[in-house]
Amino acid sequence: AQSVTQLGSHVSVSEGALVLLRCNYSSSVPPYLFWYVQYPNQGLQLLLKYTSAATLVKGINGFEAEFKKSETSFHLTKPSAHMSDAAEYFCAVSGRDYKLSFGAGTTVTVRA
Amino acid sequence: EADIYQTPRYLVIGTGKKITLECSQTMGHDKMYWYQQDPGMELHLIHYSYGVNSTEKGDLSSESTVSRIRTEHFPLTLESARPSHTSQYLCASSEGRGRQETQYFGPGTRLLVL
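Just so you know, the sequences run in chain order A and B. Last residue of the first sequence: number 499 in our numbering, and the count goes up by one each step with no gaps. Last residue of the second sequence: number 482 in our numbering, and the count goes up by one each step with no gaps.
FYI, nobody ran anything at the bench for these hints, they're computed from the structure. Since the model is a prediction, treat every value here as computed from it, not as a measurement. One or more hints might be untrue.
Cβ-to-Cβ under 7 Å is the rule here; a few derived chain A residues that face chain B [as the list claims (entries may be wrong)]:
(1) 430
(2) 438
(3) 486
Only pairs whose alpha carbons sit at most 35 Å apart, straight line, appear in this in silico DSBU-like list of lysine-lysine [claimed, not checked]:
(4) B:399 / A:456
(5) A:486 / B:385
(6) A:486 / B:425
(7) B:399 / A:436
Backbone N, C-alpha and C define an ideal beta-carbon position, used for all residues, glycine too.
Excised from the complex, chain A in its bound form:
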């Protein structure tokens, strides 16, 4: 079985500040990990994914995430927040049965 825990349901950052969203996973097989973003009234859009090729994964819109096996973590970061980053972010892990298990999501608000 696999699961994901996202620490913090809400994160508020100032424009230009670092964005850090935390994700810890549990998986009985080598994990494939994903970060998705959901803007208001839209579906989920893939930001980036870890497929074991490299531990530091770069995604769209300036986001990146680092896979740390020893910490079972896959935290998402962006050096400088922009107003357009306000959205909900979901971490997910792909299990043995090819299905995705999602975290509960973290809502990001960006203060001007």
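Once you have looked at the hints, place chain B on chain A.
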């Protein structure tokens, strides 16, 4: 750019009505999924399909049913809507080539049952 469509986007309906939520994709993907999403909660898989004439129930029990008669179409039906069915329903598809594959999501249908 993913091409997956859901209609209607918003639906308000009375208890006991039959409803069908439509989902179509133009990418030729074999796998399709329905998720239920409530505020502050993780997405829950309620149905999935590996191809034409294949449907399976997901991890979250649901009173809805699905069909997959054509590759591009994966409708979800509620025979008798109840207030407990109020939620957002997201459809997704993927190529079906392995655990690392990306799922592409539609914009969702927000359902309110009065």
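Check: Hint by hint, which ones does this structure get wrong, listed from lowest number up?
Finding: Those not satisfied: there are none.
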